[in-house]
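**Q** One letter stands for each residue in the lines below.
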Amino acid sequence: MFMDFFWAFVIGGLICVFGQICFDVFKLSPAHTMSLLVVLGAAAGGLGLYEPFIKFAGAGATVPITSFGNSLVQGALSELKLNGFVGVITGIFEVTSAGISSAIIFSFFAAFFFKPKG
Amino acid sequence: MPNNRMKNLTPVQQEYQELAKQEEPKRPLFRNSIRAFLAGGVICLIGQGIQEAFIRWGGFDQKSAGNPTVAVLIIIATILTILGVYDKIAQWAGAGSTVPVTGFANTMASSALEHKSEGMVLGVGARMFELAGPVIVFGTVSAFAVGILHWLFNPTI
Numbered sequence: 001m002f003m004d005f006f007w008a009f010v011i012g013g014l015i016c017v018f019g020q021i022c023f024d025v026f027k028l029s030p031a032h033t034m035s036l037l038v039v040l041g042a043a044a045g046g047l048g049l050y051e052p053f054i055k056f057a058g059a060g061a062t063v064p065i066t067s068f069g070n071s072l073v074q075g076a077l078s079e080l081k082l083n084g085f086v087g088v089i090t091g092i093f094e095v096t097s098a099g100i101s102s103a104i105i106f107s108f109f110a111a112f113f114f115k116p117k118g
Numbered sequence: 001m002p003n004n005r006m007k008n009l010t011p012v013q014q015e016y017q018e019l020a021k022q023e024e025p026k027r028p029l030f031r032n033s034i035r036a037f038l039a040g041g042v043i044c045l046i047g048q049g050i051q052e053a054f055i056r057w058g059g060f061d062q063k064s065a066g067n068p069t070v071a072v073l074i075i076i077a078t079i080l081t082i083l084g085v086y087d088k089i090a091q092w093a094g095a096g097s098t099v100p101v102t103g104f105a106n107t108m109a110s111s112a113l114e115h116k117s118e119g120m121v122l123g124v125g126a127r128m129f130e131l132a133g134p135v136i137v138f139g140t141v142s143a144f145a146v147g148i149l150h151w152l153f154n155p156t157i
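So the sequence lines, in the order shown, correspond to chains A and B.
The first sequence: position 20 = 20 (the numbering used here), numbered continuously.
The second sequence: position 22 = 22 (the numbering used here), numbered continuously.
If you are wondering where the hints come from, they were derived from the structure by calculation, not from laboratory data.
Each residue gets a CB set at the ideal place from its N, CA and C atoms; glycine is no exception.
Among the hints, erroneous ones may be present.
Straight line, CA to CA, 20 Å or less: simulated DMTMM-like cross-link-like pairs of lysine to aspartate or glutamate [unchecked claim]:
{"hint": "1", "chain 1": "A", "residue 1": "Lys55", "chain 2": "B", "residue 2": "Asp61"}
{"hint": "2", "chain 1": "B", "residue 1": "Lys63", "chain 2": "B", "residue 2": "Glu52"}
{"hint": "3", "chain 1": "A", "residue 1": "Lys117", "chain 2": "B", "residue 2": "Glu52"}
{"hint": "4", "chain 1": "B", "residue 1": "Lys63", "chain 2": "A", "residue 2": "Asp24"}
{"hint": "5", "chain 1": "B", "residue 1": "Lys21", "chain 2": "A", "residue 2": "Asp24"}
{"hint": "6", "chain 1": "A", "residue 1": "Lys115", "chain 2": "B", "residue 2": "Glu114"}
{"hint": "7", "chain 1": "A", "residue 1": "Lys115", "chain 2": "B", "residue 2": "Asp87"}
{"hint": "8", "chain 1": "B", "residue 1": "Lys63", "chain 2": "A", "residue 2": "Glu79"}
{"hint": "9", "chain 1": "A", "residue 1": "Lys117", "chain 2": "B", "residue 2": "Glu18"}
{"hint": "10", "chain 1": "A", "residue 1": "Lys27", "chain 2": "B", "residue 2": "Glu24"}
{"hint": "11", "chain 1": "B", "residue 1": "Lys63", "chain 2": "A", "residue 2": "Glu51"}
{"hint": "12", "chain 1": "B", "residue 1": "Lys88", "chain 2": "B", "residue 2": "Glu118"}
{"hint": "13", "chain 1": "A", "residue 1": "Lys27", "chain 2": "B", "residue 2": "Glu23"}
{"hint": "14", "chain 1": "A", "residue 1": "Lys117", "chain 2": "B", "residue 2": "Glu23"}
{"hint": "15", "chain 1": "A", "residue 1": "Lys115", "chain 2": "B", "residue 2": "Glu118"}
{"hint": "16", "chain 1": "A", "residue 1": "Lys115", "chain 2": "B", "residue 2": "Glu52"}
{"hint": "17", "chain 1": "B", "residue 1": "Lys116", "chain 2": "A", "residue 2": "Asp24"}
{"hint": "18", "chain 1": "A", "residue 1": "Lys55", "chain 2": "B", "residue 2": "Glu52"}
Not the full set, but computed from the structure, chain B residues with beta-carbon under 7 Å of chain A [stated by the list, open to error]:
{"hint": "19", "residue": "Pro25"}
{"hint": "20", "residue": "Leu29"}
{"hint": "21", "residue": "Gly41"}
{"hint": "22", "residue": "Ala71"}
{"hint": "23", "residue": "Thr98"}
{"hint": "24", "residue": "Gly147"}
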């Protein structure tokens, strides 16, 4: 249990350091960095590396945006197994629905009811 | 400035660009990295705590607990964005607050809030994905590519 928390902290932190290096050394914008991380996560998911990584790092692997790429791939692959080729299209947002839907809904109501601060 | 754009400048302008480059403050990479590490680590630590709670009391297993955890983090990040706290954290944390999924939620909520004055449809609706859009587009396209590759080359499917 303690080790789960330890590795979540360390691995999650290291992925963010990678992002910071993209910002400062390679002068990438946040949008470029996040896109890059998502593509890397999708590639790792496609190679079957991300699921063992989640087993090891827990939230350290599921909270960074790389996990979004992996979730897209997992959705596509599980539907591909069930329904064949069309499943790639129908399955992509299967797993990430919770994340995207909640982000859209809460952002909409945030803008509806509140004014920007600062 | 990229080299091809450099060529279109007069020599004096080029000289100025060189000078500006020298005077540009160096980004403190080490300090920024430490901050990104700490902030990102803490956000993942909170995520781990929420995930353990879902496993213990919500009847989820380790694999299925990831999704509700992400949803809870998104709610928290949206609330912190409304309060104007997330942007303050981001100034200190750099990539530590951008890379976790909370940063994704923050970009959506803050663009939605910021463009409210342009109207609900053209402001909130259209601008919400200004920063989050590239992430979704490139994620989806690469997931599609991975799916096609598996379809072509993975004999177990």
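**Q** Taking the hints in turn, state whether each one holds.
**A** Hints, verified against the model:
| no. | hint | verdict |
| --- | --- | --- |
| 1 | Lys55/A x Asp61/B | holds (11 Å) |
| 2 | Lys63/B x Glu52/B | holds (11 Å) |
| 3 | Lys117/A x Glu52/B | violated (33 Å) |
| 4 | Lys63/B x Asp24/A | violated (34 Å) |
| 5 | Lys21/B x Asp24/A | holds (15 Å) |
| 6 | Lys115/A x Glu114/B | holds (8 Å) |
| 7 | Lys115/A x Asp87/B | holds (15 Å) |
| 8 | Lys63/B x Glu79/A | holds (17 Å) |
| 9 | Lys117/A x Glu18/B | violated (38 Å) |
| 10 | Lys27/A x Glu24/B | holds (13 Å) |
| 11 | Lys63/B x Glu51/A | holds (9 Å) |
| 12 | Lys88/B x Glu118/B | violated (25 Å) |
| 13 | Lys27/A x Glu23/B | holds (17 Å) |
| 14 | Lys117/A x Glu23/B | violated (33 Å) |
| 15 | Lys115/A x Glu118/B | holds (13 Å) |
| 16 | Lys115/A x Glu52/B | violated (34 Å) |
| 17 | Lys116/B x Asp24/A | violated (32 Å) |
| 18 | Lys55/A x Glu52/B | holds (13 Å) |
| 19 | Pro25 | violated (12 Å) |
| 20 | Leu29 | holds (5 Å) |
| 21 | Gly41 | holds (3 Å) |
| 22 | Ala71 | holds (5 Å) |
| 23 | Thr98 | holds (5 Å) |
| 24 | Gly147 | holds (3 Å) |
Of the numbered hints given earlier, the model fails hints 3, 4, 9, 12, 14, 16, 17, 19; all others are met.
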